[in-house]
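K.L.:
Going from the sequence shown to my numbering is simple: count from 1 and add 34.
If you are wondering where the hints come from, they were derived from the structure by calculation, not from laboratory data.
Pair ranges (Cβ atoms, derived): (1) ALA717 to GLN481: 34 to 40 Å; (2) PRO724 to HIS222: 56 to 62 Å; (3) ARG186 to ASP105: 35 to 41 Å; (4) ASP547 to ALA470: 47 to 53 Å.
All residues carry an ideal CB built from backbone N, CA and C; glycine is no exception.
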Amino acid sequence: MAQSEPTAPLDGPGAAMLDALFSQSLVGLHLLDTDLRVVRVNTATPAMRDVPVEDVVGHRVDEVYGLLDADEVMALVRGVLDSGVPLVAHIVRAHRRGDPGHQYFHEISVFRLETPSGDVLGLAVAVVEVTEREESRAREVVLEMTREHVGRTLDVLETCQELVDVLVPRVADIAVVEVVDAVLRGDHPPLAPLPRDVPLRRAAFRSAAGGVGTGTGTDADAPQAHPLGDVRALPGPTPYTQALSDLRPRAVASLDEDLPWLAADPARARAIRAAGAHTLITAPLTVRDTVLGLISLYRTRQGEPYDEDDVSLLLQVADHTALSIDNARRYTREHTIAATVQRQLLPRRPSSHPALETTPLLLPPDSGGQWYDTIPLSGARTGLAVGGVVGRGLHAAAVMGQLRTVVRSLAAFDVEPDELLARLNDTATFLAAERATLPTADPLHRQALAARFAYAVYDPLTLTCTVAGAGSPSLVVVHADGNTEVRNVPAGSLLGSEDKTPFAATAFTVPEDSLLILSDTPLPALVASGDADALRRLAEQHRGRPLEDLRDDVLYALAGSAEPGPTALLLVRTHPFPADRVGVWQLPDTPTVVATARRLVRDRLADWGVERETAHDTELIVSELVTNAVRYGSPPLELRVINDRALTCEVRDGSASTPRLRHASVADEGGRGLFIVAQLAQAWGTRYTPEGKIIWTEQNPPPG
Numbered sequence: 035m036a037q038s039e040p041t042a043p044l045d046g047p048g049a050a051m052l053d054a055l056f057s058q059s060l061v062g063l064h065l066l067d068t069d070l071r072v073v074r075v076n077t078a079t080p081a082m083r084d085v086p087v088e089d090v091v092g093h094r095v096d097e098v099y100g101l102l103d104a105d106e107v108m109a110l111v112r113g114v115l116d117s118g119v120p121l122v123a124h125i126v127r128a129h130r131r132g133d134p135g136h137q138y139f140h141e142i143s144v145f146r147l148e149t150p151s152g153d154v155l156g157l158a159v160a161v162v163e164v165t166e167r168e169e170s171r172a173r174e175v176v177l178e179m180t181r182e183h184v185g186r187t188l189d190v191l192e193t194c195q196e197l198v199d200v201l202v203p204r205v206a207d208i209a210v211v212e213v214v215d216a217v218l219r220g221d222h223p224p225l226a227p228l229p230r231d232v233p234l235r236r237a238a239f240r241s242a243a244g245g246v247g248t249g250t251g252t253d254a255d256a257p258q259a260h261p262l263g264d265v266r267a268l269p270g271p272t273p274y275t276q277a278l279s280d281l282r283p284r285a286v287a288s289l290d291e292d293l294p295w296l297a298a299d300p301a302r303a304r305a306i307r308a309a310g311a312h313t314l315i316t317a318p319l320t321v322r323d324t325v326l327g328l329i330s331l332y333r334t335r336q337g338e339p340y341d342e343d344d345v346s347l348l349l350q351v352a353d354h355t356a357l358s359i360d361n362a363r364r365y366t367r368e369h370t371i372a373a374t375v376q377r378q379l380l381p382r383r384p385s386s387h388p389a390l391e392t393t394p395l396l397l398p399p400d401s402g403g404q405w406y407d408t409i410p411l412s413g414a415r416t417g418l419a420v421g422g423v424v425g426r427g428l429h430a431a432a433v434m435g436q437l438r439t440v441v442r443s444l445a446a447f448d449v450e451p452d453e454l455l456a457r458l459n460d461t462a463t464f465l466a467a468e469r470a471t472l473p474t475a476d477p478l479h480r481q482a483l484a485a486r487f488a489y490a491v492y493d494p495l496t497l498t499c500t501v502a503g504a505g506s507p508s509l510v511v512v513h514a515d516g517n518t519e520v521r522n523v524p525a526g527s528l529l530g531s532e533d534k535t536p537f538a539a540t541a542f543t544v545p546e547d548s549l550l551i552l553s554d555t556p557l558p559a560l561v562a563s564g565d566a567d568a569l570r571r572l573a574e575q576h577r578g579r580p581l582e583d584l585r586d587d588v589l590y591a592l593a594g595s596a597e598p599g600p601t602a603l604l605l606v607r608t609h610p611f612p613a614d615r616v617g618v619w620q621l622p623d624t625p626t627v628v629a630t631a632r633r634l635v636r637d638r639l640a641d642w643g644v645e646r647e648t649a650h651d652t653e654l655i656v657s658e659l660v661t662n663a664v665r666y667g668s669p670p671l672e673l674r675v676i677n678d679r680a681l682t683c684e685v686r687d688g689s690a691s692t693p694r695l696r697h698a699s700v701a702d703e704g705g706r707g708l709f710i711v712a713q714l715a716q717a718w719g720t721r722y723t724p725e726g727k728i729i730w731t732e733q734n735p736p737p738g
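Based on the provided sequences and hints, a complete structural model is requested.
P.N.:
Take a look at the structure:
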């Protein structure tokens, strides 16, 4: 240490000034010798007013002052004496004499004193009480932590637990949060004052002594009046019920046995005594004069009672928490409504078809925007649809319902998958344009409408599958022999986008007893990956296992990989269509072919055991369809009847001309053929093929 210049001895005015400094300075001044004993101390500081000087001089500071971390403080002071490096503005905690229940903060600065020759004389210690500043800083820290850590999730219970984690042990030794039970379900909170019969759920608990506690009664658990999750109305009158009545906090400075309200809530009184709680503060969780719940804080180890500053802090914390809980409640409510709407809009269960079975998988299952469908089509075919609206919640569910209805309507016209997507995109574009015209203040105005979609048509009689998609759909095929392949489905723009690129379709053969996995998004987890290949496992295990079990296998494979995002899947297992339930005949293009067609159909329906009235109607339908094909169509002619979910009649010819239903007048000699067909059949329509067209009808399914 550098040598200082010699100075004149302190006598006369200098000594008088030094005496005045030690007697009048409001900063605590201490001179310590090399044994850390007090040599001189000023007497004007608040801390020394009630302490006789003779009780301080000659004693070490840790023997005089109630330092909370005495060993640590003395080690730091000894370090200054040994090294000469000053200790500046260090915070220490202490109790004053006669006031052991209150904690005080002091800022100390320690300097080593030396002679001009470098001999160590001792230490000078300057002490400033900063209790108010440190307590204010601690409250700011709690508020900052509350804003940062409470309300990070849209979950009511998680928000409550985040709150008690912040408050214990910084503000309380025990913290309890109780929430109106209806709030957890997303219902509207009740208005204040809270009726006494409204149940509250114990949502969160934390103790500095026993962690979160489970309320099971074991020694490791902190004492609780009721276990977590318990639902009951609060007995009263107590400070808790009063706070929920007038929405004002209650602070109880001393929880002694003489408090009359403890008898009104025996369970809580027992928990207070078991925990050794001596002071309480409770405040309501409120938003716009509605009651969401209650926060209760207790002190057991911290000696000082709660004061007005603590009440103010808790009110600010409660305001932030109440807003977070209300946001979570609103999300829960919207989520519940969206999930309910989605559940009502989705098919109750996939349709049953003799040639295939299906089961869906939605990820997540309650987003509101994912959907699937299996649509019965003419000719024993089935339409397979999976899709998802970008976004979540009620609005996504509503758009999903609109698009699903359009898909069903378009499928009824027997359009090809690529044409169906083009028409569906027109609808989505129209809905997007409507959304864009909403007022700018509407949240939907800023959300673009877009949807993923994949549509496939499976024909069990020709074993073909035709598929098209919007977005990046995927189709995995697991063959009966164990071979697997990922089919290249043409990608297209999302539904609702301004991209005018046409949609493309691809067709391929699907052998019997195959497993198809149709998804509206890519599935990286189902791409070959060596020994962990999920496709290989499916190929080895899918035969003979329920489709629901295979769906679980796919779910586990997806869960074990990177999160694929919102996804809709449809698992399809194909079966052979019974050959004895189909009749196909090539017909000559002659006028006498009508009688031949009637005889062929009559014999086949007799083999199937179709009742006489239905068989008679079917003969009339075949007569009209074959007559029209001979008169207005072109060869080759083909007649097919299918005994499936409905009794189907199909007449194929080589002409692409469209038949038209006419309402013939009384004087007309013809034009009643399709009118008669429409009256006898449940449904009829035209399906076009590269070779011509097919006129089909469907009647009630035959018995058996």
